[in-house]
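S.K.: Just need the whole structure built from these sequences, with the hints factored in.
2 protein chains.
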Amino acid sequence: MFRPGPKNLITDIAGLTVGHSSDESARSGVTALLCGGAWSAGVDVRGGGPGGRETDVLAPENLVGRAHAVVLAGGSVFGLAAADGVAAALSAKGIGLQLRPGSPPIPIVPAAVLHDLGNGGDKDWGLAPPYRDLGIRALSAAGSDFALGSVGAGRGAMAGLIKGGIGSASLDLGEGLIIGALAALNSIGSALMPDGKTYWAWAFELDQEFGGGGPPRRPMDSSDPAPDESRLMALGRLQAGANTTLGVVACNADLSTVECKRMAMMAQDGIARAVRPAHTPFDGDTIFALASGAATLGGNQQRAAQIGRIGSAAADCLSRAIARAVHFSDPSRHQRPSV
Amino acid sequence: MFRPGPKNLITDIAGLTVGHSSDESARSGVTALLCGGAWSAGVDVRGGGPGGRETDVLAPENLVGRAHAVVLAGGSVFGLAAADGVAAALSAKGIGLQLRPGSPPIPIVPAAVLHDLGNGGDKDWGLAPPYRDLGIRALSAAGSDFALGSVGAGRGAMAGLIKGGIGSASLDLGEGLIIGALAALNSIGSALMPDGKTYWAWAFELDQEFGGGGPPRRPMDSSDPAPDESRLMALGRLQAGANTTLGVVACNADLSTVECKRMAMMAQDGIARAVRPAHTPFDGDTIFALASGAATLGGNQQRAAQIGRIGSAAADCLSRAIARAVHFSDPSRHQRPSV
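Just so you know, the sequences run in chain order A and B.
To convert, note that position 259 of the first sequence is 259 in our numbering; the numbers rise steadily by one, no gaps.
Position in the second sequence counted from 1, then plus 339, gives you our numbering.
Hints are computed from structural coordinates only; laboratory data are not their basis.
For clarity, every value in this text was computed on a predicted model and none was experimentally measured.
Please note that a few of the clues may not be correct.
Unchecked claim - Facing chain B, from chain A, some residues (calculated, C-beta under 7 Å): (1) G5; (2) P6; (3) F78; (4) G126; (5) A128; (6) P215; (7) M265; (8) R273; (9) N300; (10) A304; (11) A305; (12) R309.
Backbone N, C-alpha and C fix where the C-beta goes; we use that ideal spot for every residue, glycine too.
M.R.: Given below as structure tokens:
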């Protein structure tokens, strides 16, 4: 009934561009999402081990409530420097809040990071972590086409016991309304059901965008609430901040900051449906929501219904983006015939 | 691998009892959950139209962080009076915080309500809504066995376009650890997939507890993010506070208030997986978490892993409780042969 946008990427939201950079020796990287201006933005943090910056500036009770770019990065706390690089680069281009003539523009660059420090890459960077430069490079690479899989912020990511990475998807709701999502999947939980092959998100798949595997043929035992726990423990993954699903959802509607917050809150359901368990003490699950404002919603009760519809679509897109992150991170899975 | 507790009810947590009361002419009612003492408690409110009381007392930064009972009620804001009745009745029995000798004990009774005012029952109560008395009656009825379906707080509830109600489920995690959930389902979203018969929660079903329908036979079109929207609009359901999934999750571990908060947060994923859409601007989705403290968890990182495991189990139990609410509310569904 509804179909993805032309690219089935978050960049189907006109004005939004995405760029990746990576450091192959560090097995880490950065993904920058550049808004086409100071877009309404909200954030919802639900993981027990989050790492972020400029989230308070998006709180509904605060003043700005807008963002010029959003940065997702590997590198745990060191990755936060990627947003410094992006902020400096944007300001140098004249992008940001201009508080008075002659002072440098102030770009609002919220960011969230995931932990890939234990993935075997060279993290012996001493006083010079690479993330500030990676942020600048990711911003330079921003365009409307971008890669999925083990790239950018997802370069070194793991989804439970298999490779995670970057996924993205979009949905055209008709009447000029487009929703998109981008996930950087580094979760403690698995995107696959206990059979090891069916995506939890299978019900939301469109056009075989993550392999067309469909539902499982028969019931399976899903009674273990944390099936991979002992193996994750052995890997040292059961620590605060050691895992995270980062999400950005976006639409072209004229949402306010509080409406973006509701969109981000509803989009957390997309993590819940695509990853199990989610929102654990060890995850840093954080979702940003962006709204370009190009499409005008109505007012009153009808408007709230549209917010609910947009939030639900954002959850669905994020579930699909999560499954696509796994699908594109594993070439063998990517080639796997439909079952 | 893991199995439900002996009753497959939240009352498998030793010391917890549950009672229902209802007003058949009003088509509404109350469900009271009585803790076996002042149990650690937390709450997580995620709906856009919540109605509650004594939620702030459970905030981790506040002092008490415990509850003697939890009340769920129909009647929208009028239902909050049910907790007044429960608090008075408990105090009269000597249950509550005793601040000084001779002063009445102060029971902490958090509550949340759902909207059933538009369900056709007689709500012409003027200055005398029935909920205070219903609260007292529900408390009197509290026991370790209780009914599921269109009873208590779920007497007049709707789940999307079909009957909602009360559901409950439990999981025995072994080593003496038991988790349970109770749902009062009055959601805007549907507990059934677009085929109208498969439960969204099918993957979590144990022992055919909600009909054994299993997974769907083939993929279906789940692209519409709010499939029942136009019909819900016509019913006047798309209004703040007009819909709600209320949940209580409980365990017998020695969780602190903050750990109960994480358990409640993770349990919201159980709503997300069992109802779509969820957490809309029109839902009042609220989850309480209770911990009896009978079972001692370890410390440090191992403890956090157990919290994650308990939270994931709480989410699964709540998904199952939601499906059971629908299953037991509709006799025809209840009798429906497995497919």
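S.K.: Which numbered hints are broken by the structure, listed smallest first?
M.R.: Of the numbered hints given earlier, those the structure breaks are 1, 2, 3, 4, 5, 9, listed in rising order.
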